[in-house]
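Visitor: The primary structure of each chain is shown beneath.
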Amino acid sequence: MSSPKPIQLILARQLASSLAMPILIVDTDGTLIFYNEPAEVILDQRFDETGEMPADAWSALFAVADEAHNPIAQEDRPTMMALSERKPFSRTVWMRCGHREWLHVSITAFPLIGEGRQFLGAQMIFWEV
Amino acid sequence: MQVTLWGTRGSLATPGPEMARYGGNTSCVGVIGREGTMLVLDAGTGIHPLAATIPESTRRVDILLTHLHMDHIQGLGFFAPLYRPGLEVHIWGPGSATLRLQARLMRYLSPPLFPVSLSELPCVLTFHEISSRDIDIGEFRVRSELVCHPGPTVGYRISAPDKRVLTYLPDHEPALGALRFPSLPREWTSGAMLAAEADLLIHDGQYSAAEYPGHCGWGHSSLNQTLDFGTLTEVKQLVPFHHDPDHTDTDLDRLIAQAIEETKPGYQVTPGIEGTVFEL
Numbered sequence: 009m010s011s012p013k014p015i016q017l018i019l020a021r022q023l024a025s026s027l028a029m030p031i032l033i034v035d036t037d038g039t040l041i042f043y044n045e046p047a048e049v050i051l052d053q054r055f056d057e058t059g060e061m062p063a064d065a066w067s068a069l070f071a072v073a074d075e076a077h078n079p080i081a082q083e084d085r086p087t088m089m090a091l092s093e094r095k096p097f098s099r100t101v102w103m104r105c106g107h108r109e110w111l112h113v114s115i116t117a118f119p120l121i122g123e124g125r126q127f128l129g130a131q132m133i134f135w136e137v
Numbered sequence: 541m542q543v544t545l546w547g548t549r550g551s552l553a554t555p556g557p558e559m560a561r562y563g564g565n566t567s568c569v570g571v572i573g574r575e576g577t578m579l580v581l582d583a584g585t586g587i588h589p590l591a592a593t594i595p596e597s598t599r600r601v602d603i604l605l606t607h608l609h610m611d612h613i614q615g616l617g618f619f620a621p622l623y624r625p626g627l628e629v630h631i632w633g634p635g636s637a638t639l640r641l642q643a644r645l646m647r648y649l650s651p652p653l654f655p656v657s658l659s660e661l662p663c664v665l666t667f668h669e670i671s672s673r674d675i676d677i678g679e680f681r682v683r684s685e686l687v688c689h690p691g692p693t694v695g696y697r698i699s700a701p702d703k704r705v706l707t708y709l710p711d712h713e714p715a716l717g718a719l720r721f722p723s724l725p726r727e728w729t730s731g732a733m734l735a736a737e738a739d740l741l742i743h744d745g746q747y748s749a750a751e752y753p754g755h756c757g758w759g760h761s762s763l764n765q766t767l768d769f770g771t772l773t774e775v776k777q778l779v780p781f782h783h784d785p786d787h788t789d790t791d792l793d794r795l796i797a798q799a800i801e802e803t804k805p806g807y808q809v810t811p812g813i814e815g816t817v818f819e820l
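Residue numbers (this note's numbering), protein chains in the order written: chain X, 9 to 137; chain R, 541 to 820.
Do not take every clue at face value.
Claimed, not checked - With beta-carbon atoms standing in for the labels, derived distance ranges:
(1) R:R599 with X:K95: 43 to 53 Å
(2) R:V664 with X:D64: 31 to 41 Å
(3) X:S98 with R:S723: 50 to 60 Å
(4) R:I572 with X:M29: 48 to 58 Å
(5) R:K776 with X:E60: 28 to 38 Å
(6) X:L27 with R:P785: 51 to 61 Å
(7) R:A560 with X:L19: 34 to 44 Å
Bear in mind the hints are in silico, worked out from the structure with no lab data behind them. All residues carry an ideal CB built from backbone N, CA and C; glycine is no exception.
Build the full structure now, drawing on both the sequences and the hints.
Guide: Here it is in structure tokens:
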């Protein structure tokens with residue numbers, strides 16, 4: 009029997025499924041546990057086909073660079089910062105998936121914290137600028 | 541275990557001849573284990589007749605609250621064992637992000653809403669915060685999980701030593717926000733892991749399929765969603781519960797039959813009728 013997702017993550021997924029903004033949800037280990045259809049366009053992957061992906065796997069799907077096009081290490085990306093620091097992070101970056109064009113996007117990531125201060129993971133929103 | 545439905549009505553107690561067969565008392569289910577462990581699931585008005593069946597020799601009662609909406613706690617102050625000196629009463633339920641369970645309950649069980657304060661009760665009263673974890677109560681292993689319903693709300697999965705399982709989800713809207721229901725695997729469906737392959741599932745079925753769209757987000761399920769949830773979770777028997785206070789006996793007979801016809805469950809459906817006893 010696989011373990012149930014906390015209700016907060018279930019509701020976050022339901023909400024993300026009904027929004028037009030690209031949204032990714034990761035668990036406390038950084039495993040990508042859901043991304044919605046608009047995010048599928050950016051990642052060039054379909055969630056139904058990939059399922060959950062470990063942090064190393066999904067982070068390798070795209071390159072991220074600062075506004076001066078200097079690469080941003082995985083641990084300095086907003087989602088990983090939100091996980092490690094357990095507070096919101098927002099940053100405007102360049103990102104490229106595979107050999108596609110670079111996108112100029114604002115990324116906002118925030119931790120998901122339930123009752124009793126239970127740490128559940130983080131949610132990330134892309135916003136093309 | 542023996543499971544007795546003492547109150548099956550949702551939202552509001554509904555006495556009256558047209559409701560007499562399904563019953564008008566609000567949510568309360570009694571569970572008695574083979575070794576004598578006694579659990580009370582929710583404290584709606586059905587807890588009043590249940591109390592009359594508890595022998596004087598009983599030393600401990602555990603009340604498991606799913607949440608603190610009034611129809612699930614209204615009977616608590618009228619639970620006669622609370623007034624027995626020395627009887628151990630354990631109340632389990634969810635706190636909130638800012639208030640503990642006891643403080644939340646005292647909003648109701650204190651003047652002016654209720655004449656007796658919790659601190660005046662002669663029984664030995666203990667409160668236990670619960671959200672998502674496993675606990676052992678007597679012979680039972682009880683798993684709780686937060687589920688989809690407004691405010692902090694849990695469901696319970698009660699396992700007996702003989703591996704028989706009762707799942708109790710009286711207020712539950714797993715279809716909320718789903719584009720299609722059910723379409724996601726169990727681990728992504730509220731309450732589904734609690735109900736997985738249960739011998740008996742007692743589940744919210746407040747609305748008809750036609751009524752649900754007008755009540756989306758209120759925290760309850762349509763009968764069709766309830767029966768589909770039973771299929772997803774592969775339960776052996778399902779009891780539609782928490783009947784809408786506007787539904788008469790005649791309405792419920794018709795609506796449940798209609799839902800069965802439309803969803804064709806591959807398991808037994810037993811309407812939630814007050815006084816029904818299940819032997820698991």
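Visitor: Is 50 to 60 Å right for how far apart the beta carbons of S98 (chain X) and S723 (chain R) are?
Guide: 33 Å, violated
Visitor: When you take the CB atoms of I572 (chain R) and M29 (chain X), is the distance between them in 48 to 58 Å?
Guide: 51 Å, holds
Visitor: Is the gap between the beta carbons of V664 (chain R) and D64 (chain X) within 31 to 41 Å?
Guide: Violated: the Cβ-Cβ distance is about 54 Å, outside 31 to 41 Å.
Visitor: Is the distance from the Cβ of A560 (chain R) to the Cβ of L19 (chain X) consistent with 34 to 44 Å?
Guide: Given range 34 to 44 Å: holds, Cβ gap about 39 Å.
Visitor: Just tell me: holds or violated, for the beta carbon distance of L27 (chain X) and P785 (chain R) against 51 to 61 Å?
Guide: For L27 (chain X) and P785 (chain R) the Cβ distance comes to about 35 Å; the hint is violated.
Visitor: Does 43 to 53 Å hold as the CB distance between R599 (chain R) and K95 (chain X), or does it fail?
Guide: 49 Å, holds
Visitor: Measuring from beta carbon to beta carbon, are K776 (chain R) and E60 (chain X) in 28 to 38 Å?
Guide: Holds, since K776 (chain R) and E60 (chain X) (Cβ atoms, about 30 Å apart) stay within the stated range.
In terms of the numbered hints stated before, the structure departs from hints 2, 3, 6, listed from lowest to highest.
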